[in-house]
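Engineer: Protein chains in written order, with the numbering used here: chain A, 1 to 295; chain B, 1 to 255.
Calculated directly from the structure, the hints in this document are not laboratory data. Model, not experiment: these values are computed from the prediction. Note that beta-carbon positions come from the ideal geometry of N, C-alpha and C, so glycine has one too. Mixed in with the good hints, there may be bad ones.
[As the list claims (entries may be wrong)] Just the calculated beta-carbon pair ranges, DEER-fashion:
(1) Thr-243(B) - Leu-199(A): 35 to 45 Å
(2) Asn-140(A) - Asp-16(B): 53 to 63 Å
(3) Glu-88(A) - Arg-254(B): 49 to 59 Å
(4) Gly-192(B) - Gly-13(A): 48 to 58 Å
(5) Asp-77(B) - Pro-85(A): 41 to 51 Å
(6) Glu-88(A) - His-153(B): 37 to 47 Å
(7) Asp-276(A) - Thr-243(B): 52 to 62 Å
(8) Lys-62(B) - Ala-153(A): 50 to 60 Å
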Amino acid sequence: MITLLKDQVSVGGVDLDNHLILAAGVLGTTGASLSRMRRQGAGGVVTKSIGPVPKEGHAGPCLIPLAGGLINAMGLPNPSRNFVPELETLSGEPVVVSIFGGTPAEFGEVASWFEGIAAGFELNLSCPHAEGYGAAIGSNPAMVRACTEEVAAFGRPTWVKLTPNVTDIGSIGRAAEEGGATALVAINTVRAMRISIDLRRPVLGNRFGGISGPMIFPIALRCVYDLYEACSIPIIGCGGVSSAADTIEMMMAGASAVQIGSAVYDDSSVFKTIADELYSPDGVPAAEIVGCAHA
Amino acid sequence: MRDGMPVVVTVREVIDETPTVKTLRFDSEFAIRPGHFCMVWVPGIDEVPMGFSSPGSITVQKVGEATAALTSLTPGDRIGIRGPFGNGFTPNGRVLAIAGGVGVVPLYPLAVNGSVDTFILGARTGTELVFARELSDLTDLKIATDDGTAGYHGFVTGVMDSEIDLLSYDTICVCGPEMMMKGILDRLSDAGIADRGQFSLHRYMKCGVGVCGSCTIDPEGLCVCRDGPVFTGDQIINSEFGTYARDASGQRKRV
Ligand SMILES: Cc1cc2nc3c(=O)[nH]c(=O)nc-3n(C[C@H](O)[C@H](O)[C@H](O)COP(=O)(O)O)c2cc1C
Ligand code: FES
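Take these sequences, add in the hints, and give me the full structure.
Structural biologist: Structure representation (structure tokens):
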């Protein structure tokens with residue numbers, strides 16, 4: 001398989017140690033846990049999404065492993081402003097703070113708490129199972145643009161994470177770009193559910209949730225491909241990446257880097273495992289393959 | 001990734017262990033090792049972590065909404081089980097087990113399989129002792145109650161200090177309230193044998209499978225659900241253990 005040259009990596013204004021970033025909400029709830037993912041090879045980490053007030057999340061079951069993926073409806077549990085001290089031991093590290101809110105002003109308020117601490121921000125405009133947050137506003141281009149403008153005004157790298165649960169992801173990506181996003185992250189989870197046959201009821205406490213993991217890789221790949229056609233800022237591919245080959249495939253579709261979440265379930269050192277296979281001294285520069293499948 | 005949908009079990013029998021503790025015996029069994037836990041789905045309410053008291057049962061104390069619902073179930077009711085999860089105890093040589101309250105639950109299968117030589121069982125009061133009769137047949141049982149209504153008048157650590165030659169044990173398995181476990185860890189550490197202690201920790205859990213991060217402990221970021229719930233004393237001696245934990249929103253609270 002083709003390998004990459006280990007070079008300096010910078011995506012949307014954030015300097016990373018490699019192309020493999022921990023995705024939001026997976027083992028990203030504490031500073032110690034984020035540090036552990038760094039030690040285990042993540043080139044950068046995104047925190048759990050932080051909102052304007054503390055939230056406990058949905059009643060359980062919140063997450064169920066399936067054959068080929070995970071289904072979850074966590075409900076955005078987060079300690080809000082009390083997350084600030086969690087990042088004390090990570091100053092100077094490539095830590096991107098994920099933010100959610102119900103209005104542009106709420107996004108701006110949360111961003112202000114982390115202004116001097118975060119290497120960048122990621123706007124969660126894409127959580128499929130939290131009323132009034134995430135995808136509820138992320139499918140509305142005007143809202144996407146307004147929220148992005150509010151956070152981009154801090155002058156820090158601003159990534160915008162998109163939902164695949166829309167008709168035309170390209171138009172949402174363009175709205176984020178117009179609002180000042182420095183990169184796009186695609187995708188968040190795909191709307192889904194499971195039912196317990198024996199109990200005749202949905203198995204998640206929230207009834208509905210989102211799928212992640214290998215099951216959604218082809219969906220994520222298509223979204224990245226579409227965004228590469230529609231937008232001109234860098235794209236970070238996310239959704240089902242669990243191997244060096246997946247990483248290369250995402251890059252060929254147009255991703256400048258990838259985020260990895262669910263694959264930690266099978267291997268908590270998945271970043272190191274992938275990096276060992278992805279890079280070699282006689283590899284090609286990443287720029288040579290990013291978007292090459294569009295030729 | 002394997003399919004981990006909850007296995008629906010029917011409650012066959014409900015046994016009153018104490019006025020606040022009940023054992024729910026299921027119609028099916030799970031392949032457990034002592035110290036394993038499961039995520040128990042109480043339909044319409046929540047899903048909570050719970051130790052197995054045997055391959056086909058859990059033993060529950062009423063402390064919150066989900067456990068209140070569990071302790072009011074009757075034969076024929078159905079719940080969902082995900083698991084077994086976690087690492088379990090790995091005892092060797094001469095084994096001392098120390099339990100406080102319902103902390104006895106994950107240690108009980110260890111006694112049943114013949115691994116425990118001496119068992120110190122503590123409770124607030126005599127009527128709250130769980131599995132005392134069974135344990136006296138299986139082990140050299142020593143009892144402590146806070147109010148002195150049974151056995152030693154005081155904490156399990158009092159029995160340790162007065163009746164136990166700690167160094168004569170190769171493994172010390174512990175489960176109970178965190179401050180009780182901290183008191184035991186301090187004693188093992190003073191004796192220079194923190195590494196012989198195996199402590200079963202409790203932390204708030206959402207996924208049970210090492211993905212969500214809600215159960216991680218500082219400063220190493222270990223997941224109690226996946227890397228634990230059993231940790232050796234030297235793994236946790238310089239950690240948040242005994243000081244703070246996090247709640248459902250991830251905010252720190254004192255233990
Ligand atoms: C348990 C869990 C929690 C998540 N929490 C968040 C979150 O707080 N914010 C967010 O933007 N995405 C969240 N996600 C979505 C992931 O960041 C990612 O977009 C998705 O899981 C697809 O990537 P994967 O297949 O590599 O997991 C979460 C996913 C999982 C499985
Ligand atoms: S409960 Fe989710 S990581 Fe332990």
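Engineer: Hint by hint, note whether the structure agrees.
Structural biologist: So, going through the hints one by one against the coordinates:
1. Against the hinted window of 35 to 45 Å, the Cβ-Cβ separation of Thr-243(B) and Leu-199(A) comes to about 40 Å, which satisfies the hint.
2. For the pair Asn-140(A) and Asp-16(B), the beta carbons lie near 56 Å from each other, so the given range of 53 to 63 Å is met.
3. Between Glu-88(A) and Arg-254(B) the beta carbons are some 19 Å apart, a value that contradicts the proposed interval 49 to 59 Å.
4. Checking the proposed 48 to 58 Å range against Gly-192(B) and Gly-13(A) shows it holds: the Cβ atoms sit about 52 Å from each other.
5. Between Asp-77(B) and Pro-85(A) the Cβ separation comes to about 44 Å, which falls inside the hinted range of 41 to 51 Å.
6. Between Glu-88(A) and His-153(B) the beta carbon distance is about 45 Å. The supplied range of 37 to 47 Å therefore holds.
7. With their beta carbons about 37 Å apart, Asp-276(A) and Thr-243(B) fall outside the hinted range of 52 to 62 Å.
8. For Lys-62(B) paired with Ala-153(A), a C-beta distance near 51 Å keeps the hint of 50 to 60 Å intact.
Checked against the numbered hints given earlier, the structure breaks hints 3 and 7 and satisfies all the rest.
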